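*Asks:* Mind docking chains B and C on chain A? Use the hints.
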Amino acid sequence: MSTAAKRPGLLARVVRRPSGAAAIGWLVLLTAATAGASFTAPRGPLEQDLGHVLAGPSGGHLLGTDNLGRDLLSRLLFGGRSTLLAVAESLLVYLVIGTVLGLASGYLGGWVDWLVTRTADLMFALPGIIIVLVVLSVFPGNLHAAMITFGVLGSPGLIRILRSQTLGIREELYVAAAKVAGLTRSQILRRHVLPRMTSMVIVQAALFSAIVVTIQAGLGFLGLGAQPPDPSWGGLVADASQNIDRDPWMLVPAGIPLVITVIALGLLGDAIRDAAIEGWSVSKMAAPPGRTVPAPRSAEDAVAPVEGSIEPDARALLSVRNLSVEIGGIPVVQGVSFDVMAGETLGVVGESGCGKSVTALGVLGLVPGGGRVAGGQVVFDGVDLAGSPAELARVRGSGIAYVSQEPMVALDPTFPVGRQLAEAVRRHSRADRRTTRAAAHRRVIELLTMVNIPDPEAVAGRYPHQLSGGMAQRVAIALALAGDPKLLIADEPTTALDVTVQAEILTLLRGLQAETGMAVLIVTHDWGVVADLCHRSVVMYAGQVVEQADVESMFTLPLHPYTAGLLAANPHLAGGGEPLPTIPGTVPAPRDWPQGCRFAARCSRVTDACAAAPVALTRPVPDRLTRCVHSQQLLVEGTPR
Amino acid sequence: MAIFRLVIRRLLSSTPLLFMVSALTFVLVSLVPGDPARTIVGQHATEEQYRTVRGQLGLDEPLPVQYWHWLVRVFHGDLASSLFSGEPVTSVLNNRLPVSISLIVAGTVVSGILGVALGLLSARRGGFLVRIVDGLSLIGLAVPAFWLALVLIAVLAVQLRWFPVTGYVPFADDPAQWARSLVLPVMSLSVGAVAIIAKQTRDSVLDTSTRDFIRVMQANGFSPRSILYRHVLRNAALPVVTVLGVVLVSLLSAAVFVETVFAMPGLGSLTQQATIQHDIPLIQGAVLYITVLVVLVNLLVDLAYGRLDPRVRAA
Amino acid sequence: MTPQTILDIQDLTVEFRQGRRTAPFRAVDSVSLTIAAGETVGLVGESGSGKSTIGRAVLGLNPVRSGRIHFEGADITSARPGVRRELSARLQVVFQDPYSSLNPARTIGRTLAEPLLVHRKIGAAETAERVTEMLARVGMPADTANRYPGQFSGGQRQRIAIARALMLSPRLVICDEPVSALDLSIQAQVMNLLADLQSELSLSYLFIAHDLPVVRHLSHRIVVLYRGQVMESGPADDVYADPVHPYTQALLAAVPEPDPRVQRARRADKEAAGATVLSTQPPAATGCAFAHRCPHAIDICHSLRPELLPVPGGEASGGGRTAACHRAADLHPLTVPAHSGITGEEVPCSGNE
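Chains as they are written, first to last, in my numbering: chain A, 1 to 641; chain B, 642 to 956; chain C, 957 to 1309.
A hint or two may mislead.
[Said to hold, decoys possible] Here are some of the chain B residues that sit facing chain A, going by a computed Cβ distance under 7 Å:
| id | residue |
| --- | --- |
| 1 | V784 |
| 2 | P785 |
| 3 | V792 |
| 4 | A795 |
| 5 | F854 |
| 6 | V857 |
| 7 | A860 |
| 8 | N861 |
| 9 | N876 |
| 10 | V890 |
| 11 | V897 |
| 12 | F898 |
| 13 | Q913 |
| 14 | V928 |
[Stated by the list, open to error] The following label-pair restraints were derived from C-beta to C-beta distances:
| id | chain 1 | residue 1 | chain 2 | residue 2 | range |
| --- | --- | --- | --- | --- | --- |
| 15 | B | L652 | C | A979 | 23 to 33 Å |
| 16 | C | A979 | A | A458 | 19 to 29 Å |
| 17 | A | A458 | B | V810 | 56 to 66 Å |
| 18 | A | F39 | B | R714 | 55 to 65 Å |
| 19 | A | R118 | B | G776 | 37 to 47 Å |
| 20 | C | Y1055 | A | A21 | 29 to 39 Å |
| 21 | A | W114 | C | A979 | 18 to 28 Å |
| 22 | A | F39 | B | G718 | 56 to 66 Å |
| 23 | A | P389 | C | A979 | 53 to 63 Å |
Hints listed in this document are in silico derivations from the structure and should not be mistaken for laboratory results.
Please read all numbers here as calculations on a predicted model, not as lab measurements.
Using N, Cα and C, we set each Cβ at its ideal position, and we do this for glycine too.
So here's chain A without its partners, still in its complex pose (with noise of 0.2 Å):
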């Protein structure tokens, strides 16, 4: 494997980009020719040219004259050093103290870390530069001073991002398995912290010394630098300022170097943490060497559809046809077909990668994570929903209604919940445009009866963040009943929840159905659920729907290897001290997924037919269909559970 190499060191990732070369090119070139002024500049600092004075450019002075016929270029390039210096002055006294006060504050907690960054909060507050004016008035001309005070005060930056780095890895697991395992405290800050500070600091400190080559230019303008004759950046934009109406060009060599030095500095930044992050975190998506990925094939192509399902059910609720759903143009849902009929519960079942909530939401025309439907029809109500952005938004809420996986993140944190739901309710009474307020709060009221809410009015009134998870999911599930919907679509509603909760919840879904008559699409990897709640049930397996069934029929005799593996490994139904029947390896990623059947590389099953090609959905009885070249061997047999 290529990857077990040795990997290039950040200097050399670092350098592979072209902003980081650029950057890195025009500092070190700066700074060889500044600290060698003494060689590499044209003429002395001081050295006048009484003939050329205010000069543009020209060979003699390739950057042109100040008002006394002095080289631009050599004044800058001797004027780079105090720069330098000032850099390096500031950059050690705000490294020394960020990073001990920040690891320090981080790590140790307690009392050091109330002072500190008590502290730092109180200098971040502080317009740095007048305090450095302070020192300067106090010290004059003492530059050194300046820039050391500059350091202290530009520190508490750095000591705030190590604190929060800190106490974030603190937290990581794994430095609770390095405490277990013994490792001293000195050793897991040698070997977990400060590894991952590395860069930040760096990339910190290349930002630093960004601020501090412009306030030291700053300084210098202001008559607070070098003194005349001396050159300095700042003093030479000085200069520049005085002859303003008579040579605007010596704006330009004062001041560019000190842009692109600027630029270069915050690039360089950029270019170290991208790096940083690229030296461990390769994707587990990235194909190895040697292996070639299957292009996408379209999804007419991979599915041979049974006969009769190709067109919409008209007697469907909702009839997904062929849907296939890209993120960032690798298809994760290929030709997936199922109906759900009025009142009916639905369940689409499967791991996590399979693509059931990519489904769920494509049907509403919200593919998570820049995604978007490719193709495939989505008929609801006899209306095809899919490319259609205004039939989409005429049915969302009102005729197609959502609940979220995670109902503490599932509402706006920023309005009392009555609010939203009060929102819900006048944009779905369609009857009269301008529901009073009054009839608005009423209606809420009455949604939140509905899902079994005790004291309603009180509720109303509070926040999100002052709900327990369970009560969050009922007033989501208020929310999506604002619109009177024909179908609820749950992307695992209860997974997030604890078990007593979750039945709870499972409870008032077959109450609220049995009371309005909705159809409801339940998205859950639990069979439980899946027993408890649905009528019929879909598995998914590596963006294909592999089975379709009743669920008795389902559960008793899964005619998918992948099904009866699933059910089979479910340790509700294994006897204690027997090893779990398993499905041995993972599901691939969709990058991974072969010409022939997905799931043949974890099949006990398998033969050369199934990788030979894709294998289509057939209907070995009626009502239930399988995408399996066995289904009929499983049928006869009767699949163990």
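*Replies:* Same frame as chain A, but now just chains B and C:
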């Protein structure tokens, strides 16, 4: 009433900042080489004369006591007199304050409006606006305000003569000229701020747009206008307000340069002159004024934050 | 205490400070439990039950307010860092989140070698050999050592985390929700791995999880926690088949049976029994922690905290059963379990075969 309590609490919690800054400047000033009493009495005075002057100046007391006396005077509105002009420091500063406030308020308003608008647009439209904001933020951060000010003068004032080269016209004298005299200073002051605010606005709008509750609202048919302007913007505003506070404080710093370039009689240019002239009482006063401004800015940010985020309000 | 007791926790209480003015939050409230050599004790409870806190207290990652923890006979309640370091060879952990438990910036090999650093001064070759051996044992290929965690799936990372815990051949492994973040098919793989390793290496597990079927499958004994207190404990199959405490009953009743017919029958029973108690009130500090949600609560339940006592007649079902319920005796005549009639336990719990 809750707001009132919050204001009081915030003001109380910012007193350490005022103490720290004043104590720091006081200690720094005490480090000034040379003895003011010796300077006043001159080379040939007797030891007794010298001691008398020292006693009058309070220099024979320990430093904390001197600081205490200074604090008491400050509370009585006495910041001593400028060494250079002999005028009371408070009156000098009070004369200068409106200039700086005009500049900074105008700078904040301009950079706030432009920054948020640009950030929002680039988040919504994407494409070339994204690159403009990125480029602008790189340049806005890299170009120092004093150099930009000079370039603007060279082009817009010297060459094109659209605006006065330098100077400041008080609002009371002529509002139109006041506005005209502020254009170039505000431009040089705001470019960096616009860049920072635009970038933060874009990032936080994009970030908020991908959050779960926004998707839930879209899926349940909330109007796109309401989702963007009520829900996304309000949640995205929190980090923007934080950045706005930091930007405001940095404008106070940048004002030193801009006021100097445009020869505006504000607190910033005053501090610069006082530094060059070693006018210690004036510097102390200016630092105190500027620190109070910082405290007020932070108070405003805190209030805005509490208004936007119910979780902060509860805390 | 029998000689082969590995872990003995007595009256453990853990509190967390929450601000200066409010009283500290009691996450674990006088919990006692023991683990014998080669035994798996399952710790079940919902969020806020304190189950993970107990594990972290044993590992020295949480401060202990009161109570005693003995490991292999030695008191480790507030062991000094040096003692902990020595202890780490015999006491290890597998965490829930396989993404946070491996340092993303270090190769798997370096992560696995970490525990060896502290204990044995061994050479690089020997370390590499041990890493490869451990990886093979958890079913990972040898080239895993040179890769970064970002290149592995959740299930693979959890195998790696298990390998790290086993590097020093520990006696007891605290498994803090080790399979909760995993998909069903992967979860089964990891559970089998844990079971295999236990029998091969004669490990003891403290198995912490919220999923009762998972806990039952791996555990010999189960301890049910609610709000930091032990509600019930006993042999896994007994507790599962015939829960004594109303909370355990509610917990079991809440897990939907993955069989449509069985689940339908259970639901019909439940509906006949009437709605569950939906309470927004916090429990009284003095009484039973579950009283506010308990359908059987009587006055004493709200005023007096029940002690954890042997279940009357528990010997009939193998012994070792305890419950903290004032009404254990009159609600639960163990001799006639089918008539408990509260949540429908007459339905066989282990499938329809």
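*Asks:* Run every hint past the structure and note whether it holds.
*Replies:* For each hint, the structure was consulted:
A distance limit of 7 Å between C-beta atoms decides the matter here; for V784(B) the minimum to chain A is near 5 Å, and the interface restraint holds. Interface restraint check: P785(B) against chain A, minimum CB-CB distance 5 Å, threshold 7 Å, status holds. Against a cut-off of 7 Å between C-beta atoms, the interface hint on V792(B) holds, since the closest Cβ of chain A lies about 6 Å away. At about 4 Å, the closest approach between the beta carbon of A795(B) and any beta carbon in chain A falls short of 7 Å, and the interface hint on this residue holds.
A hinted interface residue such as F854(B) counts as satisfied when its beta carbon comes closer than 7 Å to some beta carbon of chain A; here the least separation is about 5 Å, so the hint holds. With 7 Å as the threshold, the beta carbon of V857(B) comes within range of chain A, its nearest partner Cβ sitting at about 5 Å, so the hint holds. Satisfaction of the interface hint for A860(B) is found here, the shortest Cβ-Cβ separation to chain A being roughly 3 Å, below the 7 Å cut-off. Checking N861(B) against chain A: minimum C-beta separation of about 4 Å stays under 7 Å; hint holds.
Hint on N876(B) holds. Least Cβ distance to chain A is approximately 6 Å, under the 7 Å limit. This hint holds: V890(B) has a C-beta 6 Å from the nearest C-beta of chain A, less than the 7 Å allowed. Using the Cβ-Cβ criterion of 7 Å, the hint placing V897(B) at the interface with chain A is satisfied: the shortest such distance is roughly 6 Å. Given hint, F898(B) at the interface with chain A, holds; its Cβ is 6 Å from that chain's nearest Cβ, closer than 7 Å.
Proximity of Q913(B) to chain A holds as hinted, the smallest CB-CB distance being about 5 Å (cut-off 7 Å). Contact between V928(B) and chain A, as hinted, is supported at the beta carbon level, the nearest pair being about 6 Å apart and thus within 7 Å. Remark: the range hint 23 to 33 Å for L652(B) to A979(C) is upheld by a beta-carbon distance near 31 Å. Hint check: A979(C) to A458(A), Cβ distance near 25 Å, so the stated range 19 to 29 Å holds.
For the pair A458(A) and V810(B), the beta carbons lie near 58 Å from each other, so the given range of 56 to 66 Å is met. Taking 55 to 65 Å as the suggested C-beta distance range, the pair F39(A) and R714(B) conforms, at roughly 57 Å. The given range of 37 to 47 Å is respected by R118(A) and G776(B), whose C-beta atoms sit roughly 39 Å from each other. Between Y1055(C) and A21(A), the C-beta spacing of about 34 Å keeps the proposed range 29 to 39 Å intact.
W114(A) and A979(C) have their C-beta atoms about 22 Å apart, which keeps the hinted 18 to 28 Å range intact. Distance hint check: the CB atoms of F39(A) and G718(B) are about 59 Å apart, consistent with the given range 56 to 66 Å. Between P389(A) and A979(C) the Cβ separation comes to about 55 Å, which falls inside the hinted range of 53 to 63 Å.
Every hint, counting from the list given before, is met by this structure.
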